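Residues per chain, in single letters:
Protein chains: 2
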Amino acid sequence: MKALYLENTVLELRDVELPKPADNQALVKVKMAGICNTDIELVKGYMGFNGILGHEFVGVVEESSQPELIGKRVCGEINLGCGRCDYCSKGLSRHCPNRSVLGIVNQAGVFAEYMAIPNENLQIVPDSISNEAAVFVEPIAAAFEILEQVHIQPDQRIAVIGDGKLGLLICQVLKLTCAELILVGKHESKLELARSFGINAIPKDKQILEKFDIVVEASGSPSGFSTAMSLVRPRGTFVLKSTFASNLEINAAPIVIDEINIVGSRCGQFKPAIRALEQNQIQTSPLVDSVYPFEKVLEAFERAKSPGTLKVLLQLDD
Amino acid sequence: MKALYLENTVLELRDVELPKPADNQALVKVKMAGICNTDIELVKGYMGFNGILGHEFVGVVEESSQPELIGKRVCGEINLGCGRCDYCSKGLSRHCPNRSVLGIVNQAGVFAEYMAIPNENLQIVPDSISNEAAVFVEPIAAAFEILEQVHIQPDQRIAVIGDGKLGLLICQVLKLTCAELILVGKHESKLELARSFGINAIPKDKQILEKFDIVVEASGSPSGFSTAMSLVRPRGTFVLKSTFASNLEINAAPIVIDEINIVGSRCGQFKPAIRALEQNQIQTSPLVDSVYPFEKVLEAFERAKSPGTLKVLLQLDD
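Protein sequences, first through last, are from chains A and B.
Take any residue in the first sequence, note its place counting from 1, add 50, and you have its number in this note's numbering.
Take any residue in the second sequence, note its place counting from 1, add 50, and you have its number in this note's numbering.
Rather than coming from a laboratory, the hints here were simulated on the basis of the structure.
Remember, predicted model here, so these are calculated numbers, not experimental data.
You may find that some hints are simply not true.
Each pair may be met inside one copy or between any two copies, as identical chains are not told apart.
[Stated by the list, open to error] Straight-line Cα separation of at most 20 Å, SDA-like style, residue types lysine to any residue; simulated pairs:
1. K355 - S296
2. K52 - N171
3. K225 - P336
4. K254 - V338
5. K261 - I120
6. K254 - N58
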C-alpha cells in the first residue's frame, strides 16, 4: 500500500506492506486525513519520530475481532495505552507512561491506505457527520480537554490567544460555556472568520486593558505566551495548549505574586467532540484550506507549512 | 524612633518620625521581627522598594480606634487592600490590584520601633505562642496557602524541593496531610533537621526514580525548578513557591504533553498558622539561626545573606 513515511526529517511516499492488526486491533481503510501542526513539527525533528506520519483520520473498518465494527465508519483516539497501568485503569491511557501514539511515538500513523488500531480506540462516526468534519474530531477533542481540566463558569471572562486552526476550534468550544469570550489574533481574515462564528475577535496590536479569569495560549509563539500571561488576572488560569519546540524564557515572578494557575493541556476524549459535531455546535468547513488527493501529499505538506494556512486535508478514498 | 531604611539598595539605621496611624489603623510597638529572603532580594533591588523594610513581626498595640486591641500582642497580615475592589470584597485583599504591602510595596515596614497597620490586618497572638515563634506566623501562613490552593489528598505523594527556611516550614505543614512526603535538599545539616521533624529527607544528588502527585519548588534556584519539574507525574501539580528575581528558561513541552498544573503560591491567611503553632504542630525554634538586638540590624542582615543561614531574628523590645 502507499504510505507517507518520515525518515530523518525527510518525507517520502513509499510502497509499504499492509499492516497486520493484532488480536485486539482493527484494520481500517483510511478515507480522509488531516495535517496537523504537530505533523509539521515532527518533520522538523520534534520527538525524533520515524515512520508513517499522521494521526487525524476517518476510515472504514475492514477487519476486526469485534464483528460489530466491520463496515463501520470510524475515527480513533491516538494514544495507545498499555491497558495495565494506573493511568490506563483510570481511563487516562493518553497519559500511560508506556503508550505509543499514532504517527507520533512508536506507532505507524494514518497517512496510509490502511492502518491498524486497537478496537477500543475506535469511535463510530454518525452518518450526519461528513468525512471532512470527522477529521476534525481529534483537534476538537483537544479543545474539549480544556473543559475536562478547568471548571469554566458561565459568568467568567476568557481570552484565547492565537487565531490558527486550534485557536478557532477552541473558541467555538469555549463559546458553548456562554462565558464572555474574546479571541486575540494577528490574521485579519481569520479574525473575520471568528466573527462569523459570533466571536469577539481582536487584533493583537490593539491594547487590552482588562484582565481575564481564563487565558488560553494557542498561538505557539513566545510573544503569544507573553501576551497571554499579561492578560491573566490574579488567581486566574492560564491554559497552555501550544507545544513549544524550543525553550521559553519566562519571568516567573508574576506567576507566584499573582498566584496564577498554569494548566498544560493536550489530547481529549472523542465522545464530546462527536456529540458537538452531531449537534452542529462546531463549524469545520470554513476551517478547511484545501483537500489534496493522497498522491499529492508532498504538495499538501508544502501548502500546510506556509504560515497562516488553515486545515489541509488528504483524500485517500471516496 | 529608630528604623531600618532602604534607599537605592543601601540599608541604613535612621532616626525617623513616629508613624501616625490613620483612623482605621493601630500603632504597634514592635517586639520582634524576622528577616525573610524577600528582604534580601529587596535590598538587591527587587520591586524597586525604598522605605522601612520588614514584614515579619510581633508587637503590642499601643493605640487603636478599636479599644479591645490596645495592649494586645499581635502579628499582622502584610497586604493592605483598598477594601472596595472585587478581591477585597471576597477576602482576597492580598490580591487587591491597589494594595500596598508592608515593607515591600508603598508601605513602611516593621524593622522599626513602631509601625502603623490597619486594625483588620491584626491577629491576636495567644499567650502560649512565644515572640520567637509568632514571628514565623507570616511564613507559616505562606506554607498553608498551598493547602488553600491545592486539594492534597492523604493518599498522594508529595516532594518538596529546597531545604531552606520556607521549605522546612512547608514540609511541616504538608506533613499534616499525612500524605507520603519527601524533602529534597542540598544541605546535610538541614536534611538532618528535617529528619528530626520526622520527614524523609533526601540529598539532591541521589537519583529519584518515582514521580510525585504534587511537587513544591521552594529552592529558589533554576536547577531546583528543573529538578522539581522532572519529578511531577503526568496530570500532577507543581507548586511554585520561590520568587525568581531573574528570568527562567524552561522547556514548556512537558507541561503540555504531561498536562502539568503549575500553581503559583504566595501569601496565606494567618489564622490557620496561629492555630498550628498553638497546637504545637510546627517547630520553629530549630529554625532560628540567631537573634540580634535591633542596633545590630546591619550585622544581622550580613548574617542572613550568607548562604544556608536559617532564620535571623531582630529583638526590638523585650
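Now for the hints, and whether the structure bears them out:
When the C-alpha separation of K355 and S296 is checked against a cutoff of 20 Å, the pair qualifies only within one copy, where the shortest distance is 18 Å, while the shortest distance between copies is 35 Å. Neither within a single protomer nor between protomers do K52 and N171 lie at most 20 Å apart by alpha-carbon distance, with minima of 23 Å and 72 Å respectively. Only within a single protomer do K225 and P336 lie at most 20 Å apart by alpha-carbon distance; the minimum there is 17 Å, versus 54 Å between protomers. Taking the shortest alpha-carbon separations for K254 and V338, neither the intra-copy value of 23 Å nor the inter-copy value of 51 Å comes in at or below 20 Å.
Taking identical chains as interchangeable, the C-alpha atoms of K261 and I120 are never at most 20 Å apart, the minima being 51 Å within one chain and 41 Å between chains. For the identical chains of this complex, K254 and N58 are neighbours neither inside a copy (37 Å) nor across copies (37 Å), given an alpha-carbon limit of 20 Å.
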